[in-house]
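Novice: If you want the building blocks of each chain, they are given just below.
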Amino acid sequence: MSLTPQENNDLAIKFFETAWNTGEIIEDLIDPQAVDHSSVGGKEKADVGRESFKKIIGMFRAAMPDIKLDVQDEIFVDDKVVHRWVMTGTDTGGVMGMPPSNKNLTFSGTTIVRFKDGKIVERWANVDELGLLQQLGVAPPPPNGN
Amino acid sequence: MSAAAKREIIRQFFEDIWTDQNMELADEVLDPDFSFALPFVTLENRDAFKQLVLHNHVAWQDLTYTLLDSVADEEKAAAYWRSSGTHVNTWNGIEATGNKMSIEGITFFNFSNGKLLQAHVQNDFTKLLHQLGVSELPKR
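Line by line, the protein sequences are chains A and B.
To convert, note that position 13 of the first sequence is 13 in the working numbering; the numbers rise steadily by one, no gaps.
To convert, note that position 21 of the second sequence is 21 in the working numbering; the numbers rise steadily by one, no gaps.
Take the hints with a grain of salt, since some may be wrong.
[As the list claims (entries may be wrong)] With a Cα cut of at most 20 Å, we get these calculated DMTMM-like pairs of lysine to aspartate or glutamate:
#, chain 1, residue 1, chain 2, residue 2
1, B, K127, A, E44
2, B, K76, A, E44
3, B, K100, A, E44
[To be verified] To list a few chain B residues with every Cβ distance to chain A over 12 Å, as calculated:
#, residue
4, R11
5, E15
6, D20
7, Q21
8, N22
9, E24
10, D27
11, L38
12, T64
13, E74
14, T86
15, A96
16, T97
17, N99
18, I103
Hints in this document: simulated from the structure, not taken from any laboratory.
A quick note: this is a predicted structure, and the numbers were derived from the prediction, not measured.
All residues carry an ideal CB built from backbone N, CA and C; glycine is no exception.
Modelling step: build the complete structure from the supplied sequences, incorporating the hints.
Specialist: Below, the structure written as structure tokens:
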């Protein structure tokens with residue numbers, strides 16, 4: 001059952017808002033063989049399956065239990081959905097193995113997913129990890145565009 | 001403007017403008033108020049963006065952008081891409097290392113009257129800094 005781009009986007013919003021804002025992964029919406037192409041946290045190769053996504057959600061929600069996803073812009077066409085987003089949360093659990101800073105953190109990213117038959121089968125994402133590290137005071141100052 | 005026409009402009013943006021430094025084409029397809037927003041800085045107009053392209057080609061030899069995928073609807077477009085090059089001159093205060101870099105990113109584009117008006121860029125700067133041997137970063 002192939003869905004319309006609008007229906008795919010509705011499912012993507014439901015999937016990502018539920019995952020980030022509550023921690024629940026709606027398994028019906030992600031294929032068991034889904035491919036995760038993102039390099040968040042220094043991941044070097046594509047992972048297959050639901051676990052890699054569960055791990056990322058778990059890691060960020062453990063660090064920031066009040067994390068909230070805000071989708072700022074979107075594209076949905078054919079079998080793809082693109083979301084440009086900002087996340088905010090309070091670092092009470094410690095980000096990427098560091099001690100908790102108790103800071104309010106804000107970071108942005110963009111995610112592309114491909115749907116097949118109402119399920120996510122591929123995911124690409126780029127996240128402003130450097131910005132996150134800078135807010136925690138553990139990275140050098142950002143490039144200035146020059 | 002059709003989705004196909006937008007995807008062609010996106011291809012030109014990476015291959016002809018970023019890689020081949022075609023500034024006449026930049027003037028043609030970018031709005032004068034084109035903004036180029038990285039998470040940590042926003043270049044506010046087309047001229048500032050053109051300077052960035054030229055400057056980065058000085059810092060990076062064989063700077064090449066490869067379009068890996070693009071998506072477009074009637075108003076917007078997004079691209080997944082790879083950038084590679086060799087660090088031959090000072091970049092971001094880091095003196096030439098001779099190291100090669102290769103990172104991926106996703107850019108979200110908004111159009112106005114058939115011209116590119118905004119780009120929101122996300123790329124793997126953390127990976128890039130690791131490839132240049134920046135040691136202050138936490139291990140990944």
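Novice: Could you run down the list of hints and mark each one as holding or not?
Specialist: We went through each hint and held it up to the structure:
Taking the CA atoms of B:K127 and A:E44, the gap is about 10 Å. The hint holds against a cut of 20 Å. Straight-line distance between C-alpha atoms of B:K76 and A:E44 comes to about 30 Å, which puts the hinted pair past the 20 Å bound. For the given pair, B:K100 sits about 16 Å from A:E44 by alpha-carbon distance, which is consistent with the 20 Å threshold. Residue placement check: B:R11 keeps its beta carbon more than 12 Å from all beta carbons of chain A (closest about 16 Å).
For B:E15, the shortest C-beta to C-beta distance to chain A comes to about 20 Å, beyond the 12 Å cut-off, and the non-interface label holds. With a closest Cβ-Cβ approach of about 21 Å to chain A, B:D20 is found to remain outside the 12 Å limit, as its non-interface label requires. Under the 12 Å C-beta cut-off, the non-interface status given to B:Q21 relative to chain A holds; the minimum distance is some 16 Å. The claim that B:N22 is not at the interface with chain A holds, since no C-beta of that chain comes within 12 Å of its own (minimum 20 Å).
With a least beta-carbon separation of about 23 Å from chain A, B:E24 lies farther than 12 Å from that chain, consistent with its non-interface assignment. Distance to chain A confirms B:D27 as a non-interface residue, since its nearest Cβ pair spans about 20 Å, more than 12 Å. Distance check for B:L38 against chain A: the nearest CB is about 7 Å away, which does not clear 12 Å, and the non-interface claim fails. The Cβ of B:T64 sits about 18 Å from the closest Cβ of chain A, beyond the 12 Å cut-off, so the non-interface label holds.
Not every C-beta of chain A lies more than 12 Å from that of B:E74, the closest at about 9 Å, which undercuts listing it as non-interface. The Cβ of B:T86 lies farther than 12 Å from every Cβ of chain A, with a closest approach of about 17 Å, so its non-interface assignment holds. No Cβ of chain A approaches the Cβ of B:A96 within 12 Å, the least distance being about 15 Å, so the stated non-interface status holds. In this structure B:T97 is separated from chain A by more than 12 Å, as the shortest Cβ-Cβ distance comes to about 15 Å.
Separation of B:N99 from chain A is adequate, the least Cβ-Cβ distance of about 16 Å exceeding the 12 Å criterion. Against chain A, the non-interface label of B:I103 is violated: not every CB pair exceeds 12 Å, the least being about 8 Å.
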